[in-house]
Amino acid sequence: MRFIRLSLLTVAVFIGLVWIFDWGFRYYIGKDQAQVSISHESFKFEAQRDELGVWKVKADDEKSLWFAMGYLQTHDREFQLELMRHLALGKLSELLGEAFLNSDRLYRAISRSAQTQWEQSPLEDPSKKAAEAFTEGHNFYVQNTKRSTSYRDWE
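The sequence shown begins at 677 in the working numbering and counts up by one.
Fair warning: there could be bad hints in the mix.
[What the hints assert, rightly or not] Only pairs whose alpha carbons sit at most 30 Å apart, straight line, appear in this in silico BS3-like list of lysine-lysine:
{"no.": "1", "residue 1": "Lys720", "residue 2": "Lys732"}
{"no.": "2", "residue 1": "Lys805", "residue 2": "Lys732"}
{"no.": "3", "residue 1": "Lys805", "residue 2": "Lys767"}
{"no.": "4", "residue 1": "Lys739", "residue 2": "Lys804"}
{"no.": "5", "residue 1": "Lys720", "residue 2": "Lys767"}
{"no.": "6", "residue 1": "Lys805", "residue 2": "Lys720"}
{"no.": "7", "residue 1": "Lys804", "residue 2": "Lys732"}
{"no.": "8", "residue 1": "Lys804", "residue 2": "Lys734"}
{"no.": "9", "residue 1": "Lys804", "residue 2": "Lys767"}
{"no.": "10", "residue 1": "Lys720", "residue 2": "Lys739"}
{"no.": "11", "residue 1": "Lys804", "residue 2": "Lys720"}
{"no.": "12", "residue 1": "Lys805", "residue 2": "Lys734"}
{"no.": "13", "residue 1": "Lys720", "residue 2": "Lys734"}
Honestly, the hints are just simulated from the structure, not real lab data.
Keep in mind that this is a model prediction, so the values were computed, not measured.
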């Protein structure tokens, strides 16, 4: 019981820190790039920020729109995505130290259960295509941006 409380507290503190980080720097993130135009293989989109910093996206098709979502979300939230990936895989202690080992144990157990369920009930075709296009957009951003050198591709 103590283990679960400590793990939940760790996760709550982590989510709170991510929220504070996001809230505190929301105004500054994305100021470096207000327009994006990408044409990559079968994906083509244009995006522009409005006065509030929200992306307005024009894409040729739904697949390109999901690619744009992956690309733009990685542009704005690369650090958060990386932290959440480590959390979900039970590898947060690799980044933040031994204090997160209990959290890692909990999430590895959850991850194994979720992986089993995922393999037994694969995505329907439209959802799978959307997830693949989103992932391609993420990976395209990571591979083609200088500030993304430390992150590996998603699988």
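Index of numbered hints that the structure contradicts, given in increasing order: 5
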